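**Q** Order-wise, the sequence lines are chains A and B.
According to our numbering, the stretch in the first sequence is residues 108 to 412, in order.
According to our numbering, the stretch in the second sequence is residues 333 to 397, in order.
Read the hints as simulated data drawn from the structure, not as lab findings.
Be aware that one or more of the hints could be misleading.
Claimed, not checked - Derived list of chain B stretches under chain A, where covered just means 3 residues or more per stretch with a C-beta under 8 Å from a C-beta of chain A: (1) 346-352; (2) 367-378; (3) 387-394.
Since the structure is predicted, the reported quantities are computational estimates derived from the model, not experimental observations.
All residues carry an ideal CB built from backbone N, CA and C; glycine is no exception.
For reference, the chains in residue letters:
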Amino acid sequence: MKCKVCKKKAVVSLPSHNAAFCPECYDKFYMKQVSEGIRKRKLLERDDKILVALSGGKDSLSLMYALAELGYNVTGLHIDLGIPNSSEKARSVIEDFCSEHGFKLIVSEMEKEGLPMPLVKKHIRRPICSVCGKVKRHYFNKVALEHDFTALATGHNLDDEVARLFANTLRWDQSYLSDQGPLLPAENGFAKKVKPLFRLTEFENANFAFLKGIPYHHLPCPYSGGASFTGHKMLWRDLEFKSPGTKRAFYEGFLDRGAPAFAAFHEKKGVEVVPCTECGCPTSAGVCGVCRIKSQLNEALEEEK
Amino acid sequence: MVEVRLEPRGKEITFTKLNTVLQLLNKLELRHTDVLVIRDGELLTQDCRIEKDDKIIVRNVMSVG
């Protein structure tokens, strides 16, 4: 197979773009997808101070690398969840990556915050992925605001976004559909959130990480078995195989034609956001979800004594 | 004998004969955008030929949490 651009030997073939690329041309293709996505959806300004959430996987590390290559001011944030045989490996990968490339890194340890995931999993009777996601989003926002970052960037890719959109559409969840997209502007105590990899698939990010020599953490989270998103991704994998480009058309079609309608609905409904009475973080309840989890966990630990 | 290592599980499989990457993927019931296929530190597209005694890594790209 030959590179579509320069006709050298190709190493990556992308049916959705009806193209194959050599390493040099793939780099240009990838960086263009990131920069065009940022430009067309107005995700970032040149002077944004960006906090990049780093999990240690291919997507977040590729995002950090690409944003730095594009000249943005980036700092990494890793949430150490304290999961045995997993968290220390992910953290080590991130620390090595940031050290090698000279990137600043902030690590927030859930053990020190009184929320190590093994204890949360043991004592909180809710799906662990949902609680973990809530905790991570809480600290992403908290750290971003405390350190005066103007944007929080996450490595969500096209597959993540399509799986989420699909799940929200299956339930016709108007509230979630109203704010799904690669840009959530800063408001009500929330930092601006962006997903600059929304045009790139997991496969495309994995190829980029490999070709850039970025070692990444690719073992699944030991607590993630049976996550429903994985099933949705498998359905889309089959659709995309039969009709390459469907994933992208579905997502971009939603952004152009579906999202504005749901956003208008959300504006009408309006939900009041106030500071949490415990920690001051924004919430639609009196006490935020994370403070409630902390409180439930403390009660369970007291009972156990 | 072609040795194939499946990541991240670390499972190893051997094949007596394989002609192309596409044939390997078909045998593993994978689509080419599911995995990176790596030989000697280089990525292979599905039309690449596989030689006897090749050692191949097939790395799943789907995040599951």
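**Q** Now tell me if each hint is right for this structure.
**A** Now for the hints, and whether the structure bears them out:
1. 346-352: n = 0 at 8 Å, threshold three: violated.
2. 367-378: holds (count 7)
3. 387-394: holds (count 4)
Consistency with the previously given hints fails for number 1 only.
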